[in-house]
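*Asks:* Residue numbers (our numbering), protein chains in the order written: chain A, 1 to 223; chain B, 1 to 554; chain C, 1 to 153.
Just to be clear, a hint being listed does not mean it is correct.
Between beta-carbon pairs, the in silico distance windows are [to be verified]:
(1) B/R265 / C/S11: 40 to 48 Å
(2) A/A28 / C/R39: 36 to 44 Å
(3) A/I30 / C/E106: 33 to 41 Å
(4) B/K162 / A/E81: 29 to 37 Å
(5) C/Q19 / B/G285: 47 to 55 Å
(6) B/A46 / C/Q19: 54 to 62 Å
(7) A/S61 / B/K162: 55 to 63 Å
(8) A/K14 / C/E50: 22 to 30 Å
(9) C/C5 / A/Q196: 43 to 51 Å
(10) B/Q171 / A/K14: 19 to 27 Å
(11) A/S2 / C/P70: 56 to 64 Å
(12) A/E12 / B/D332: 32 to 40 Å
No wet-lab data here; the hints were simulated from the structure.
Here a beta-carbon is modelled for each residue, glycine too, at the ideal position from N, C-alpha and C.
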Amino acid sequence: MSEIVLTIDDQEVKATAGMTVLQAAQQAGITIPTLCHHEKLEAFGGCRLCMVEVESRGWTSYVVSCLYPVAKDIVVRTRSEKVDKIRKVLVEELMAHAPDSPELVKLAEEYGADRNRFEREASFCIVCGLCVRYCNEVKQKNAVGFIDNGPLREIRFIPEVAARECWDCQECFALCPTSYAQAAYLLTEALAFPGQRKTAAPAAKTPARAARVIPIMPVPVTT
Amino acid sequence: MPRLQTAADLEKLRTEILAARDPAKSCIAVCAGAACDGMDSAAVAAAFVAEAGKLGDKIEVRPTGCHGYCEKGPNVVVTPGDICYFEVQPTDVPEIIAATLQGEVVERLVYKDPNTGAKAVHMHEVPFYKHQMRLLIGDNPKIDPMRIDDYLAVGGYAALVKALTEMTPEQVLDEVKKANLRGRGGGGFPAGSKWETTRNAPEKTKYVIVNGHEGESAAFMDRAMLTGNPHKVLEGLIIGAYAIGAQKGFMYTRHDMPLLEKHVRQALAQAKEYGLLGKNILGSGFDFECELHFDVGIFVSGESSALMRSIEGNPPEPRPKYIRTSVSGIWDKPSNLNNVETWANVPQIITRGAEWFTSIGSEKSKGTKLISLSGNVVNSGVVEVPMGTPLRTLVFDIGGGVRDGKTLKAIHFGGAMGGSIPADLIDAPLDFDGMSKLGAPIGAGGLLLMDEDTDMVEVARYLMDFLTQESCGKCVPCREGMQQMLHILTRLTEGEGKAGDLERLEDLVEVTGAASLCALGKTSGDPLKSMFRYFKPEYEARISDQAAGGSAAK
Amino acid sequence: MSKMCEKEIDSIIEKYRGQPGSLIHALVEIQHENHWLPREVMHKVAEALEVPFARVMQIASFYKTFSLTPKGRHEVHVCTGMTCHLRGAARLQSKVEELTGLKDGETDAESRFTFATGACLGSCSIGPELIVDGKHYGRMTPEKVEDVLKRYE
C-alpha cells in the first residue's frame, strides 16, 4: 500500500492510501473530537464535530475527517477560528437536547459552549446513530432503528425484536452519549412488553452487566 | 410499427409523416399543462373532439402539453396562424370551431391588454410570448405527447441520427463542452465537464439520469417540459449516454402527477417500439435502455446523491461529496445526473452546433433558461428567455408587473434555498454568476414576485419551515440548526423577539452553511443571508418592538 | 383490510420476494392499493424481501407518501408551496382545520376526511388551491371551502 505524506497541525504525518484524515491523525497521536464515530462501525459523518480545515491545491475547504481520504501534500488544521466556532455551535445545538451528557459537557468546556444558548428541546436523544448502527452492523439484530425525518427523526426500539434480543445484550446502552438508548429501551419494554422480556436461563449465562446509569439531576433553570 | 433499423429508415418515416400532413389544415391545440388541467382543460378538449368529430376530418384536435401562459388557461392555439384563445370554456367550443372553419377569429377570446385594451391575436403579438425565445418550449403546442410522430414531424431525433451516424462519442462530448452548457437544476455546473468525468471513470458500467424531481417550491417548468415534450428530454439523454458510454438510463420524477406519468411511460414505450431505445439503435451498434422511477414525496430526494440512493431502494440520505457521483453513484457505478432542462438543450446543440448556442446568452451563461414566473405577478406561467435578459423584462414586459395594482417589493429566486433581492435591482441580468453574487441564485428557475404587503420575516420563517420538513435528519447542523433557526423566526413573527436573536441567527446560518452534509443544509440559510443583506431593518424592528415593550433584556 | 385488498397485497409481496432493493417499489404499490401500511403487512414485506423490519419502518416513516394509519374516504389537500403561501394558503388551511376539526395529517373519527398539506404541485398560477381526491379547486378563498367539502360524503 502506498505511503502518503500530509501535514496535520504543522506536523508531517505519514499515512497509507485508503486511510481517512481522522485515522491518520489518531495514528499520529493528534486528537480530533468525535461523537458519532466508533472504530467498529462504518464512518457516518452525522455529528460533524470532527470537521477540520483542509488546504489542497490552493483551495481551503471544511470537511469531516472521519470520511475525508488522505491525499498527498494536503495541509490539515484540526483547530482554527472557524473550526472552533463550528464545534462550539454544534455542541450548543446538541446541549439543547442533552445538557448533562458528560461528553458534551467536556466539549463545552473546551470550546466555550453555552448550554443555554438555544431553545431547550424535549428529547435528549442526539440522533448520533451509534445504537442503531451498532445493532445493525455489529450485532446484526436491528432491534432499534431510525424513524421519521428532519428534526422529528428519532431512534425507536422495535418491540417484537427488542423483547427477545435486548436484555441479554444491552451493549448499545454504554455507547449512548446521553443514556437515551437505555431509557428508550426501558420505556419500550414498559409500554409494549412489560414483564415479557426473553432472557437466557440465568444459570447458563454470565452475570448481567450493570449498565452504566447517569443520574438525572435537576437542571438549573435560567431564562 | 416495425422497428426502425437504420437512420435512413427514420428519415424515410419522417418524410412519410410530413407528406401525410397538410399544413393548411386547421388544428386546434388544447393545453393540458398543470394549471390548465387544474382548470379542467380536459373538458374543453373533450368538447372540441366532440364538435370536430361531427365534421369528419376537417379539423384536427390536438391535446398538448404546457403552452406556458398558465395564468390565462385553459389555453387554446389554432394553427395555421398561431391564433391564441384564452380562458376557454367548453361552452366556447362551437363558436371557435365555426370561426376556424371560416378562417375567422373569435374576438372576445383573444388577448386584451389590461391597460390599453389593445388586442393581440397571433402568438408573436401577445406580449407574454413576444419577449420570449422559446427554443425548448416552443414546440409544446405542436406536439401531442402521446404521439411520437408529432415529435418526428417537428424534426425530432434528427440530433440523435447526427450524433450516432456522423459523430464519435468524443466529438459529441466536445460539442457539449464547447457550448458551455451549464446545469439547469440549480448547480450551474458545466455539463460537459461532468460528462467527461463520468466518461473517464474506470468502471465499464455507467448510468445516466434525468432529474425530474423538481422539488423547488414554485418551480414548475421541468414538469411542463417533461409532460409536454418528453421525447426532447429522452433524445438528449440518449445522446448524452452515447457520449458518456452509458448503457442504462433512469428518469426520476414525481409520483403525484398522473398525466406526467402517462406521457413519460408512453414516450419510453414508443421510443422502444421505434427502435430508438434498446439494442443497436438505428444500426449504430450503440445499446441503451431507460427506466422510469418515482420519488416518494420528499424534497431531499431531488439532491443528486440522495436521488441515487432512492433509485437503489435505500432511504434518500445524501452522501458527502468527497465521493463524486460521476465516479461512484448508483450501486457505486459512475452516474451522470442532469436536470430535465439540461438534457432538453442537448439535441439543439448537436443539430445547430456549439457556436450557434454560444451566440445566445451572456458571457458565462449560454443559451436560454426556462423560468417559472409566479407569486404576486399578473401573468404567471412558464417562460423561456435568453440568459442575460434583464429581470425587468421578465417581471414587467412578460410578467405584466405586480397584481392588484400593488408595487414590487422583492424578487425571489431559488425557492427555499435561494434568496430575495429588492425591487431596485430589477435591471440585473438573468445570469448564473451575476445573480449568485447578488445573493439570489437562479436555482432551478422559479422566479417569485413579492408585493409591498409581503412580510419578509414571515417569508424566511415559511421557507425554513418547508426545509425542516424536507430535511433527512442525518447531520446535526441541518437537523438542529434549522430547527433552532425556525424557533427564532417563529418567535420573531409572533412578536416574541429577544435580544441576541439576530446574532444567534447569524451564527446558525454560518455554521449550518459550513458544516452541513449536503446542499439542503448548506443553502438553508441563504434566504436569511439575503434578508439580512437587503431587508435587515424589518428584522431589527421585530427585536426593538419587543425590547421596547420592557421585558428583561438578556 | 378487506379480503380483496389482502389478496392484492399478497400478490405484490410475492412479486418482489427476495428483492431487498425493491422495498420502496413494494411499499408504494401497497400504499396505492390499500391507502395505508398496516404493521402486519410491513412484517410480511420485511420477511419476504429479506430486509430487517427496522428498515421497513424507517422507510415507511421517512417518506410522507406512506401512511401508517388508516386514511379517510377522501383526501383533502391544501397546497402550501411558496406561491400558494404568498397568495394566502395559510388562511385556506385554517378554514379547513376549522371546518373538519383536523390538523395536518389527521383523519376524522368517521373516516370521512384525511387532511394533508404539502409542497408545490406545479399549478402555481391557480393558487391557492384545494385538492380533494386529486381534483383541483383553484383560486380558492376561505369562503368557498365549505361548499367544496359539502360535496364529499
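*Asks:* Now tell me, hint by hint, if it's right for this structure.
*Replies:* Structure-based check of each hint:
| no. | hint | verdict |
| --- | --- | --- |
| 1 | B/R265 / C/S11: 40 to 48 Å | violated (21 Å) |
| 2 | A/A28 / C/R39: 36 to 44 Å | violated (50 Å) |
| 3 | A/I30 / C/E106: 33 to 41 Å | violated (53 Å) |
| 4 | B/K162 / A/E81: 29 to 37 Å | violated (55 Å) |
| 5 | C/Q19 / B/G285: 47 to 55 Å | violated (32 Å) |
| 6 | B/A46 / C/Q19: 54 to 62 Å | violated (41 Å) |
| 7 | A/S61 / B/K162: 55 to 63 Å | violated (41 Å) |
| 8 | A/K14 / C/E50: 22 to 30 Å | violated (43 Å) |
| 9 | C/C5 / A/Q196: 43 to 51 Å | violated (31 Å) |
| 10 | B/Q171 / A/K14: 19 to 27 Å | violated (45 Å) |
| 11 | A/S2 / C/P70: 56 to 64 Å | holds (59 Å) |
| 12 | A/E12 / B/D332: 32 to 40 Å | holds (33 Å) |
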